[in-house]
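Asker: Given these sequences and hints, build the entire structure.
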Amino acid sequence: MNEHRLDHWQRLSPWAVVFLFVRGVVRFARENIPVLVGAGAGVAVIERIGMVEVVLAGSAAFLAALLLSLLYYRRFRFCFDGDVLLVQKGLFERTELKVSAGRVQHVSLEQPAYMRPFGVVRFSADTPGGVTAELELPGIPSSVAEALRRALSTPDAGAPETVTEQTDEAGPQRRELFRIRPGALTLHGLTSNSIYLVAALLAPVLQPLERLGRPYLENLEDAAWVERAGDAPVLVALAVLLTLLLVLMTAAVIVAWLRFYAFTLSRTGDRLVQSSGLFNRQEQELSGAKLQTVEWVQTALGRLLGLGYLVCRQYGGLPQAADHAGRNFLVPGLMQPRGGELVQEFWPGLALDAECSRVHRHYRRSVALRLVPILSLVTVVMAGLSGRVDVLYGLVAVPVLAWVLGHLRWRAVGWRTDGPYVVVRRGLLGRRTVTFPLINVQAVEVRQSWFQRRRGLATLLLTPASGPEAIPWIPVEQALALANVTLYQVEMRGADPAVD
Amino acid sequence: MSQEPFNPPVSPEGLPALEAVPLTPVSPRFAPYRVLGTMLFWMPLAVAVALLPVGPELPWPVRAALGGAVLLVGVGVAVLAAIEARRRAFGLRQEDVIYSSGLLVRRTTILPVCRIQHVETVSGPLERLFGLVRLTCFTAGGSSADLVMAGLRSETADRLRQHLLHRIREGSTADGPPTDDNP
Chain A
1 MNEHRLDHWQ RLSPWAVVFL FVRGVVRFAR ENIPVLVGAG AGVAVIERIG
51 MVEVVLAGSA AFLAALLLSL LYYRRFRFCF DGDVLLVQKG LFERTELKVS
101 AGRVQHVSLE QPAYMRPFGV VRFSADTPGG VTAELELPGI PSSVAEALRR
151 ALSTPDAGAP ETVTEQTDEA GPQRRELFRI RPGALTLHGL TSNSIYLVAA
201 LLAPVLQPLE RLGRPYLENL EDAAWVERAG DAPVLVALAV LLTLLLVLMT
251 AAVIVAWLRF YAFTLSRTGD RLVQSSGLFN RQEQELSGAK LQTVEWVQTA
301 LGRLLGLGYL VCRQYGGLPQ AADHAGRNFL VPGLMQPRGG ELVQEFWPGL
351 ALDAECSRVH RHYRRSVALR LVPILSLVTV VMAGLSGRVD VLYGLVAVPV
401 LAWVLGHLRW RAVGWRTDGP YVVVRRGLLG RRTVTFPLIN VQAVEVRQSW
451 FQRRRGLATL LLTPASGPEA IPWIPVEQAL ALANVTLYQV EMRGADPAVD
Chain B
1 MSQEPFNPPV SPEGLPALEA VPLTPVSPRF APYRVLGTML FWMPLAVAVA
51 LLPVGPELPW PVRAALGGAV LLVGVGVAVL AAIEARRRAF GLRQEDVIYS
101 SGLLVRRTTI LPVCRIQHVE TVSGPLERLF GLVRLTCFTA GGSSADLVMA
151 GLRSETADRL RQHLLHRIRE GSTADGPPTD DNP
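Chains as they are written, first to last, in this note's numbering: chain A, 1 to 500; chain B, 1 to 183.
In short, the hints are calculated from the structure, not lab data. Beta carbons are placed, not taken as given, at the ideal position from N, Cα and C, and that holds for glycine. Treat the hints with care, since some could be wrong.
As the list claims (entries may be wrong) - Sample of chain B residues at the chain A side, in silico, Cβ under 7 Å:
no., residue
1, Glu-95
2, Arg-107
3, Arg-115
4, Arg-134
As the list claims (entries may be wrong) - Sample of chain B residues at the chain A side, in silico, Cβ under 8 Å:
no., residue
5, Pro-16
6, Leu-18
7, Arg-63
8, Leu-104
9, Thr-109
10, Ile-110
11, Cys-114
Answerer: Rendered as structure tokens:
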């Protein structure tokens, strides 16, 4: 039986060198290749310098990356002393990190496909501190990672002196809350916003593809079917559009399968654990006490199909960041009733589908008035760029479009309190419904514009530790009453148990 | 249950009312500080527009008029900044700090003392010239939840900081707020 001691300094697994090397190469490629390929500069550089020199330079860079990975591995060591995880690392600058078990809010174990045969995982943990305050062990045996996770999850238990490959300690029972089915995963891919992300990622590749395919297209000019296609340009345009859409949809489904394959969400005591991934298996653990908000998200297509996903946000999350970014915890492919049930797992007694109060109708006018100058500017810029004066006729439609968008926005925005919780909904065609207990609020702001003061309205901003949530254009009495109740709840509760 | 929410019965009438809290204006020196700060930004801009060859060759009167227009905008902004500065105010209750700012859009921010992680006072050279200090209360919620109280006299800021640090140390034990020394 393989045995490790956590309370002594130890190194990463030797296989971590592979992980460090591959990650360095991937990062370098991601940051530099699109620039070279996208602009066609790579080909120009190779032609100017010569293929042999480029291969030699590439080999030198390869060896340098390997050497740096080895050096990094040699200088990296860690131990778990008492309830503190210590890490010493650094290539040119020595860094020592200390994280107390009680401060850890989120633990993640990641296992890329090429590390699976060696039983090595990437371990990371973060605290409610800064956005980048992450502690990482890039390549340790999975048994050590499991032991570290247990030790960090139960700080009072202290550090286990030894860790064996087979641990069967008695502890809280693990209960499965949700397991995704293949159909739901496919639908999640189709309805999630990743289709736009895929489109954005493909955009820089289109120009090089067009350049590569140009000689082939020129040869096709004389083909009979091309001439026939020229007779029905609308049909051709529709076919191209449909093909592009199908490609994007397929890519979005593939992305969903890669990321969320075999997704399971389970609970062990106060800890929520999710695992997913086809090639890159990832297991994330989140402390329930440090959970700040739970958001039910439905895209426009998702609303039609009654499908959505949950985003659990923690301390230090970025409010505008992508749903799956950083410390956010995403539960995909949920039908609406199942979403409601899971929300009750996080916030007992909260009904997700209850009716929300609409904000004042003046909000619609405010949104429309803000949109008019923006849309007018866009129209003028489009007219300028195209050089066509008739585009300016679009200015007539601007107020109508602004009003329609304002109306859709107003219909989407709503709020309500439900016992100790507050629910805030927003969107345009889709819906995002944020739920959180009032006691999670860090700061309260009552905001009144000149127009709102005249109408007796206000915008209330409640800020949990994951970012501000606004309830716009409600009667000032309601805003003040909710602010007073929130402050009462927070102040009677006292210091934040999650960070103290 | 992941988190047990605090949910005692509450009578809305019995709650401490935010709107009833008397707020204390910030230092009267904050208005001239804002005017000077704004003009220090706009005056060099006006001079640059008047003297530097921007765009096609323009006769001197036109350049001077352009510079004057920029200066006029600067003066307007400075006047608005001074009016806004005079409307800034703060308040301190047993359990929270209140800060009000803004002219067209009024913002009243309330930060519970129990949420403050640490307190910092900062003053730039221009602020030191006017004896002013900025007091920042940091929370665990990141920059969006932090409270920056600008325009405090240094003595007020120091006493406020001491009071808040004491409250953070002591938790929610009773402690009288410091009296403000604004005239």
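Asker: Of all the hints given earlier, name the ones this structure violates by number, lowest first.
Answerer: 4, 7
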